[in-house]
Amino acid sequence: MNINLNIEKPIFIQIAEQLEDSIFTGVFPEKTKIPSTNEISALLNINPHTVLKGMNLLVDDEIIYKKRGLGMFVKEGAVEKIRQKRQGQFYNQFIASLIEEANKLHMTKEEIISLIERGYENERNSN
Amino acid sequence: MNAIQIKNVTKQYKDVTALDDVSFSFEYGKIYGFLGRNGAGKSTLINIIANRIFADNGEILIDGIPVKENMKIHEKVFCMSEVDLYDTSLKIKEHFKWINRFYDSFNIEKAFEIAEKFNLDTSKRYKALSKGYQSIFKLTVALALNVPYVIFDEPVLGLDANHRELFYDLLLKDYESNERTIILATHLIEEVANIIEEVVLIDKGKVMLQDNVGSLLEMGYSISGLAHEVDAYCVDKNVIGYDELGNLKIAYVLGEKAPLPKIGNLSLSAMNLQKLFVKLTEKGGN
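Top to bottom, those sequences are chains W and R. Residues 1 to 127 (the working numbering) are what the first sequence spells out, left to right. Residues 128 to 413 (the working numbering) are what the second sequence spells out, left to right.
Just chain W, same shape as in the assembly (with noise of 0.2 Å):
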């Protein structure tokens, strides 16, 4: 997890997506246990009952699930569930924000392809 909190948006927000990223990067596996609000909320200084407001939307996502007097645990297939969440959001997050900077800063569609097609060259390169 994460322990930079930013104000750009609200606390239990960014704590839903940084359970979700490490749950995602398997810091969390499935069917394990996931820290408790009050562990959370001790180790970045936040209310727990934010905390708490944080957990519940991944309660709601399917993605953890509580287990009574036991604690959150993550749920099997939440790993899937998460890919697919944000294959979703791909668009929006990421291809809507390139073309509206690209056209601010005057570049063409051919450009922009170019760049990304560069992107992929160096990476295997890398590799």
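Among the hints, erroneous ones may be present.
[As the list claims (entries may be wrong)] Result set (SDA-like, lysine to any residue): computed pairs, CA atoms no more than 25 Å apart in a straight line: (1) W:K109 x R:G391; (2) W:K53 x R:K203; (3) R:K203 x R:P275; (4) R:K258 x R:D231; (5) W:K53 x R:G391; (6) R:K364 x W:K53; (7) R:K195 x R:D142.
[Unchecked claim] Which chain W residues stay away from chain R? Per the calculated CB distances, all over 10 Å, these: (8) N56; (9) G77; (10) S114; (11) Y120.
[Stated by the list, open to error] Computed Cβ-Cβ distance ranges for the label pairs, DEER-style: (12) W:E62 x R:A385: 31 to 39 Å; (13) R:G185 x W:Q87: 53 to 61 Å; (14) W:R86 x R:A385: 52 to 60 Å; (15) R:M335 x W:L115: 45 to 53 Å; (16) W:N38 x R:L395: 29 to 37 Å; (17) W:L115 x R:K389: 34 to 42 Å; (18) R:Y155 x W:K104: 50 to 58 Å.
Because the hints were derived from the structure by calculation, they are not lab data. On a predicted model such as this, the values are computed, not experimentally measured, just so you know. Here a beta-carbon is modelled for each residue, glycine too, at the ideal position from N, C-alpha and C.
Once you have looked at the hints, place chain R on chain W.
Same frame as chain W, now just chain R:
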């Protein structure tokens, strides 16, 4: 009703009105930030709640019980404050012993545990402690007292960064296992911004604002760009302050975020709690 209810409280010091018909409540089970500039009336109100001074008008009820000259409320509310109300020649461990006799809800083992975490030498006399350790002693007492309402008036005064973190840590751990009302009166707004759930802001003896921190932060934002574009955007907005830097103008706005105009180069960013506080309390002079 489980709350500290402040009803029409007025307090006058000669020609200064410290509190002017103040009414609001601190509800049970929440962490509050009680904010205000120097001289806003914070400490006056805290002292009235703690039964140390009396209001000229109005009353305070704790869980429905009137506070004024009522010994029963000592098991309800505890106030850690800046002023030294302790016998300065007494050793810390003796203080603990006496407090243990006065308060049923004092947990003396917990007090010694917390003291140890802060490396507070309990065999020292109060007056031999540094400013920081005097604060640590006072907040140790407050943390070890299991009363439903605890007020911390400038709890971290003189504490180094490590000890401040330790304090917030202990406070939150304690709150998790034992929910109660915690009221933090502090000038270090950013340090407590994520800890508190509700804000009460008083200014010039009046309550200026009471709101949930989350919704308050959602409401406040800044808009920056060329002066005329900023002014055009702000026409129908509740602007609480401006900053200017050459051609760049920054407006601080409270309210719903309206979409930015397509043309022009305005940019919108969030405002932190401290900025919001500063802008709100400098409106109208000072």
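Hints, one by one, checked against the model:
Of the supplied pair hints, the one linking K109 (chain W) and G391 (chain R) holds, its CA atoms being roughly 23 Å apart against a limit of 25 Å. Note on K53 (chain W) and K203 (chain R): the hinted pairing is violated, with a Cα-Cα distance of about 29 Å set against a maximum of 25 Å. A threshold of 25 Å between alpha carbons decides the hint, and for K203 (chain R) with P275 (chain R) the separation of about 6 Å falls inside it, so the pair holds. The suggested pairing of K258 (chain R) with D231 (chain R) is violated, with an alpha-carbon distance near 28 Å, which exceeds 25 Å.
Restraint check for K53 (chain W) and G391 (chain R): the C-alpha separation of about 37 Å exceeds 25 Å, so the hint is violated. Only pairs whose Cα atoms come within 25 Å are accepted, and K364 (chain R) paired with K53 (chain W) is rejected, the gap being roughly 30 Å. As the CA atoms of K195 (chain R) and D142 (chain R) are separated by approximately 24 Å, the hinted pair is consistent with the 25 Å bound. Listed as a non-interface residue, N56 (chain W) keeps its Cβ farther than 10 Å from every Cβ of chain R; the least gap is roughly 14 Å.
Every CB of chain R is more than 10 Å from the CB of G77 (chain W) (nearest about 30 Å), matching its label as outside the interface. With 10 Å as the threshold on Cβ separation, the claim that S114 (chain W) sits away from chain R holds: the shortest Cβ distance comes to roughly 27 Å. Remark: the non-interface label on Y120 (chain W) is consistent with the geometry, its nearest Cβ contact in chain R lying 32 Å away (cut-off 10 Å). Taking the beta carbon of each, E62 (chain W) and A385 (chain R) are about 35 Å apart, inside 31 to 39 Å as hinted.
The beta-carbon spacing between G185 (chain R) and Q87 (chain W), approximately 60 Å, falls within the hinted interval of 53 to 61 Å. Checked against the given bound of 52 to 60 Å, the beta carbons of R86 (chain W) and A385 (chain R), roughly 30 Å apart, lie outside it. A beta carbon spacing of about 51 Å between M335 (chain R) and L115 (chain W) agrees with the range 45 to 53 Å that was offered as a hint. Here the CB-CB span from N38 (chain W) to L395 (chain R) is close to 35 Å, well matched to the stated 29 to 37 Å.
Restraint check, L115 (chain W) to K389 (chain R): a C-beta distance of roughly 25 Å breaks the suggested window 34 to 42 Å. At roughly 52 Å, the beta-carbon separation of Y155 (chain R) and K104 (chain W) lies within the given 50 to 58 Å, and the hint holds.
Going through the hint list in order, the structure does not satisfy hints 2, 4, 5, 6, 14, 17.
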